[in-house]
Amino acid sequence: MQAYLLRRLIAIPFMLIGITLLLFFLLFLRPGNAALTNFGLVNPDQACDKGERGTYQSTGSGCEGGLARLEKEYGLDRPFFVQYGDWAIHAIQGDFGLSLKNRRSISAQIGERLPTTIEIGIITIILSTLIGVPVGIISAIRPGSWIDGTLRITTIIGISVPNFWVGTLAIMLPALWWGWTPLARSYVNFVDSPLTNLSIVIWPALVLAIGSAAYVARIVRSSMLETLYADFTRTARAKGLTERIVVLRHVFRSSMITVLTVIGVQLGAILGGSVIAEQIFAVPGLGLLIFEAIMGIDYTLVLGGMTMFALMFMIVTLAVDLLYTLVDPRIRY
Amino acid sequence: MSENYWLRLKNNQINRRGFLKVGAAAGVGAGALSLVGCGDDDASTAASSSSGSGKPVRGGTLNVVKGQVDEGIDPGLKVINNTDLLSRIYNHTHLYKVSTNEFLLDAATSMEQPDAQTITFKLRDDMKFHADGSAVTAEHVAFSWSRFPDLLENQGSQVNASNWGFIESVDAIDSSTVKVNLKAPSASAPVLMATTPFGIVNKAQVLASENNNVQEEDAGAGPYIVTRRDATGVSLARYPDYYKHKNPSNHFVEDGPYIDAQETRVIVDRAAIKAAFLSGDIDYVPTINDRLEFEEFTNLDFAKAAEVGSTEARLLAFDNIKFTDKRAREAISLGIDYEGLIRTVYAGDGIYDGPIGQALKEMALDQKTLKSYRKYDPAEAKKKWEAAGSPLDKIRIECNQDPRSTSLGEFVAQSLKKSLGVETEVLVHDISTWVARAREPEKQWELFVVPYGASPTPESYSMTMMNPNAFAGVSWSFGMDQPNAGLVADAQKVVDLVEAQSAEVDPEARIEKLHELQRFILDDVLVGINMPVPGHSYIVYNKRLQNFPEDDYLLGSLFMRNHDMWIAS
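Chains A and B, in that order, are what the protein sequence lines are.
Mapping of the first sequence onto the numbering used here: position 78 corresponds to residue 78, and the numbering continues sequentially without gaps.
With the second sequence counted from 1, adding 1000 to any position gets you the numbering used here.
There is no bait here: all hints are sound.
Covered stretches of chain A (chain B as the covering partner; in silico rule of three or more C-beta atoms under 8 Å from a C-beta of chain B):
| hint | stretch |
| --- | --- |
| 1 | 168–176 |
| 2 | 182–190 |
| 3 | 295–303 |
Here are a few chain A residues that sit away from chain B, every Cβ distance over 12 Å (derived from the structure):
| hint | residue |
| --- | --- |
| 4 | Phe80 |
| 5 | Val82 |
| 6 | Gln83 |
| 7 | Glu226 |
| 8 | Asp231 |
| 9 | Thr235 |
| 10 | Leu248 |
| 11 | Leu323 |
| 12 | Arg330 |
I should point out that these hints are in silico values taken from the structure, not numbers from a laboratory.
Positions of the beta carbon are idealized from the N, C-alpha and C atoms, including for glycine.
Model the full structure from these sequences, guided by the hints.
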């Protein structure tokens, strides 16, 4: 177990290097850079020429303009591997550098935003489990019934409908019908006011949980259907156990590995979905930060945020792998 | 009552035009002429109520929204996504109302122009900075206005030289007198000096900061102070030590703004912004893109939905290096079905536009003239295209993700394919990529769709797009450093005409020169084609807002400095 854990922990930095290198390369391939975005279509070199004429000054030749200076200051004039190496060395020390747009510490910005995204992720997982597992169980123990049919159709809709659409409806329809919207007037941290904070983050979490819960429900149903007719289930029934105990203690527990795997995998979708959900609900999490950074080609910030997302995903996947041993004693690492 | 401009004119027995020729010589534009030489006007104009009803009441919170977090609060450095903040926390010497073409004094008690290249301001003596209550003096103004070149060259300022390039130097003559020396006579200088970047900052605070720029929110002396600024928005509260306006107008109020506080929320999603407005969480919808969207709001009991004059502009820029033959440019111009575009893209509500946008009514060319330049004649277009040697087999049209741009690009692509028989392709990119592709030396497009909004001076408005020394040179290959001698000559002529109008003292003569400049561009089909624009712009706001500056709202950002807007209970 310890050896396995050690191996997994050693692998994480290498996977992060691979992910960040790929991300860095993809961002590097994009046309333009943060310095250019800062100026927009404006000609930043206008300041070069000290011409005597009026409002407009000529673009001088041979002078180092504002764009070149800014690129130099940001280090964007260096080769790809030098830029990446510089970034990676600092990132290992927990310093993701400064945002290319607002010149604030990226680590600090991530530190401010990450708790909100983790909170949304946790609530989403809880909600999707609380909704998905019972639905899956009910559907599995009444196969072919009208309840099963209804729930299966509902879960298919839940999986099929994109969360940005659900999110948009969730904010627009109450506003149209009742002049109220789940958008928060202002964001409050969990530490400052837990209840107010929960009343804000519950909405994006609920939107994300719809798809996730539907997926969990379908997996629970199919997994339990297999187990419901297994030999050990028949034996449990033959022993005279009540159906409730058979289902919850024997069938459901055996299906838990599948459920855990699904929930672990769903975390990736939830983290991805948080970019959209936080944008729609104006919740200042890491997803919204990354979205804003992408729009402004603030690639150091994008890298920092994505690295955190990747790290979170790896840690959760590891945690899920370790949980297998608790659920199924037969599994040994 | 102190001696004002009109009294001095009377006492000195010189007529207005004579004064302008001598005193204001060559300096200021149409609006500036009404201000130059004016001083304290004691409560001469009561607060007007253009859209309001009843007696103004003090108090309340204005709830606004913006799409992104600000990148900074230094008015000389960052001017994107922070207007809600900069216009409220900093002072400006004066304000220019585009809609009425008038100047209103704010931190200045007078503004004079002793000669063509000098403007002097007298400052009020009761202004205090937020941070320490220290006095705002001429030294702070001179410092604030002198640092633009350094901020641009060394800190990547978003405020480009077209906003301040007219300044030679700024001197503090004494604690309350600021002297601005212009490089050349500039008709737009007084207007530009009223814009956001010219906010007055606390010199000591800036110099004490690490990078010599504004880092803290209390570096101004404006009517509001910042009480919260984070990723979710900004909260502003009334500055208790804000001065009493000695010269209240239809904009400034003697005891400061009526509204007590402002809450700005950052909401990225467009639907979320609408939802927030529908639920009364924000007081106005920042931009309404088209009539269909506008009509969604027209039946709401609590909302005022208003149509105002068009404030948009859309340039279809050439990569001029590929269109050196005038006949090729003419072919493009003749090959677009403008009336069809107005019918389909703008649902029939569209007007023609020229090198100076329609928002600056007097300076823009009239519709009849503009229409005469926008004829659709596919046969003639094809003929000219072939006469030019059919220079391109394929025309790529670059757009950003703005739906209005893409629909325009799509229409132009279909129109040109039909009239010229060339293959066309519409390329749609995100804003950052779009910007990068505009600035690439080797363009990967032939036509580039640029949407942009109104600005109070022709130089900072459409002409920025058409000027070889501004966008046109770098982005549309219409600079002076290109190989084609003919285009170089055209570019030089455009620059000369731009500078000539800028230096023109007489408002009527300036308008004449602006018309001449536009006709030159249109006759030779230079730079690109100013495409038709929507006939109206739309505003939607909560009826509880009284004196909402409908006419100024979309014309730049100065409405945010409105002091006489109030909130009805």
